[in-house]
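> Spelled out, the chains give:
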Amino acid sequence: MAEREYSESTDRIVATEPVEIRRYATHTRINHWFTAILIVLLILSGFALFHPSLFFLTALFGGGQAARFIHPIFGVVACISFLLLFLQLWKLNLMRREDITWARNINEMLAGNEEKLPELGKYNFGQKVVFWGMFWLLLAMVVSGVMIWQQFFPSLVSIEVRRWAVAIHALSAVLSVLIIIVHVYASLWTRGTLRAMVGGRVSGGWAWKHHRKWLREVARRQDTPPAE
Amino acid sequence: MSTPAPAPTTAVSNPSVDPLTPNLSDAAIMRASATPNLPEPTQQMEKVAKLIDISKCIGCKACQSACAEWNETSPEIGICDGTYTNPPDLSSEMYTLMKFSEWENPDSGNLEWLIRKDGCMHCEDPGCLKACPAPGAIVQYTNGIVDFVSDKCIGCGYCISGCPFDIPRMSPTRNVVSKCTLCSDRVAVGQGPACAKACPTQAIVFGTKDDMMAHAETRVDDLKSRGYDRAGIYDPQGVGGTHVFYVLQHADKPELYSDLPADPKISEVVEGWKGPAKAVGLAAIGLAAVGTVLHSIFGKPNTVSAEDQSEAEELVDAELGAEGQQREEV
Ligand code: HEM
Ligand code: SF4
Ligand code: SF4
Chain A
1 MAEREYSEST
11 DRIVATEPVE
21 IRRYATHTRI
31 NHWFTAILIV
41 LLILSGFALF
51 HPSLFFLTAL
61 FGGGQAARFI
71 HPIFGVVACI
81 SFLLLFLQLW
91 KLNLMRREDI
101 TWARNINEML
111 AGNEEKLPEL
121 GKYNFGQKVV
131 FWGMFWLLLA
141 MVVSGVMIWQ
151 QFFPSLVSIE
161 VRRWAVAIHA
171 LSAVLSVLII
181 IVHVYASLWT
191 RGTLRAMVGG
201 RVSGGWAWKH
211 HRKWLREVAR
221 RQDTPPAE
Chain B
1 MSTPAPAPTT
11 AVSNPSVDPL
21 TPNLSDAAIM
31 RASATPNLPE
41 PTQQMEKVAK
51 LIDISKCIGC
61 KACQSACAEW
71 NETSPEIGIC
81 DGTYTNPPDL
91 SSEMYTLMKF
101 SEWENPDSGN
111 LEWLIRKDGC
121 MHCEDPGCLK
131 ACPAPGAIVQ
141 YTNGIVDFVS
151 DKCIGCGYCI
161 SGCPFDIPRM
171 SPTRNVVSKC
181 TLCSDRVAVG
191 QGPACAKACP
201 TQAIVFGTKD
211 DMMAHAETRV
221 DDLKSRGYDR
231 AGIYDPQGVG
241 GTHVFYVLQH
251 ADKPELYSDL
261 PADPKISEVV
271 EGWKGPAKAV
281 GLAAIGLAAV
291 GTVLHSIFGK
301 PNTVSAEDQS
311 EAEELVDAEL
321 GAEGQQREEV
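Just so you know, the protein sequences line up as chains A and B, in that order.
Going letter by letter, the first sequence gives residues 1 to 228 in UniProt numbering.
Going letter by letter, the second sequence gives residues 1 to 330 in UniProt numbering.
It is possible that some hints are incorrect.
To be verified - A short list of chain A residues far from chain B (calculated; beta carbon distances all over 12 Å): (1) Thr10; (2) Ala25; (3) Leu89; (4) Leu139; (5) Leu188; (6) Thr193.
To be verified - Derived coverage of chain A by chain B (criterion: at least 3 residues anywhere in the stretch with Cβ under 8 Å from a Cβ of chain B; other residues may be distant): (7) 12 to 22; (8) 76 to 88; (9) 98 to 104; (10) 140 to 152; (11) 201 to 208.
What the hints assert, rightly or not - Residues from chain B shown here face chain A by an in silico Cβ test under 10 Å; the list is partial: (12) Met30; (13) Ala34; (14) Pro36; (15) Pro39; (16) Gly162; (17) Trp273; (18) Lys274; (19) Ala277; (20) His295; (21) Thr303; (22) Ala312.
None of these hints come from the bench; they were simulated from the model.
Glycine is no exception: its CB is placed at the ideal position from the N, C-alpha and C atoms.
Full structure from sequences and hints, please.
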């Protein structure tokens, strides 16, 4: 079997008429959606405390005390879940030279001239920014979050450090929501992307258009046609 | 219930025994945490204050006992840490604490015992209230009292970060914070705070802020006449003045008194975190969300064409060796 540079071992062509490629294994999809649900719960419970106009969101969790209690617990579980996802995906998300060229000419992509951009592996620059952005922000949030976790770590850090921690936590939360908006929208705007994470497959045309190096490698690696 | 209680102007006199309606109502709330559109208070009261004259304190802790007694708190029996300070720190069960420090005065060579009654200062600009995310969990009355409302407290501990004096303490069992209330429940029925009532030397006195300030000035004059040149009033303006304030023998060095901050104010970090940045953050999120919706309505989606699909078919056929798989054109 050929070397893998742009693809996951579970990526393979699963149908030829028409061509369909498996992009995410079942465990990856479960992992992704579990993380996503927790992050939504984190946003709802966290932003309830962020601004008075959102305090009503605490009702979703059974009141202010309950929201305050559950939020950091969701946080820790979300971080563990994200870590599993991270370990599966980090290698293919390392930045490469073609990503820089792609990013410089991102206007072409938005204008629909994707042909003018370099061929890409499994992820494009935008996807990688989302990936690393969430990684660093979640790291910042888990570290600062534990520092301000009054119930279980009341005297972990000095009050002065805690002030910074809560400010960094809030800022990271805002930035991460912005990233999530970009992430969700990109997956909807680029038609055919959502099914990668839902059913696990993408069409050949989608792979050709957006991740051609990945498609080439997956096809090259495979020596038997899919059993249909 | 008949006449509302008069606002107390001293803690010394014995209170009326007639049933009185409490004089502190919601109408007297001038600030409430996480409540940007609080209606103007309709009940304006004269500002009150508790003056603690450290030069008169003998360290008997009558105030500390009276506080625990009145508030029905039961601080844990602690251990002796080599000073008379006991328990070692404020807690959710100890709202006021006599802090003992020994200082060798380099000018006189005397060992001075500086005993400070620590507790909430009832800031005019309270950092605790600014930091609190729970609507109405911290309120400030028009008479200057800052009070925690446990029913609304969610136990997040933000007030602990907000306070420049390190005062609020979280109850590990009830998950709500507590601190000195300035005996708002006593003040509401015309009585002064329990600590001031109990103090045998009148080192703690209570009344209107103006009266207390006038009294403090006479105390400073007296101390100065007795050789305490640096005596002065500690009513820190960085937090807009406080409704618990001190007369200090060494007002130039407040840190001598168990680290009383020289120039307390709400931390800039807290101001930044709780200030306009929040609105900017929410606006950015809102704009991003609206932007995506507009783009999805007016923009063209990024779709895969039939050519893309047939290119893929060709590539895959070539790589998989076509193995007799005849395809129809897509
Ligand atoms: C990763 C682990 C996390 C931990 C341990 C954590 C912990 C905390 C803690 C202790 C608080 C204070 C309130 C409370 O006790 O509930 C808090 C507040 C908050 N959290 Fe988290 N959190 C985490 C992740 C997140 C995430 C992923 C988000 C959103 C994307 C988030 C958004 C917020 C927000 C907006 C606040 C309110 C900040 C403010 O009031 O300005 N947190 N978090
Ligand atoms: S612990 Fe209670 S009083 Fe303190 S900031 Fe949180 S909700 Fe407000
Ligand atoms: S001393 Fe601290 S707890 Fe008391 S009113 Fe000021 S900020 Fe609030």
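> Honestly, which of those hints from before does the structure not fit?
Of the numbered hints, 5, 6, 8, 9, 12 and 15 do not hold.
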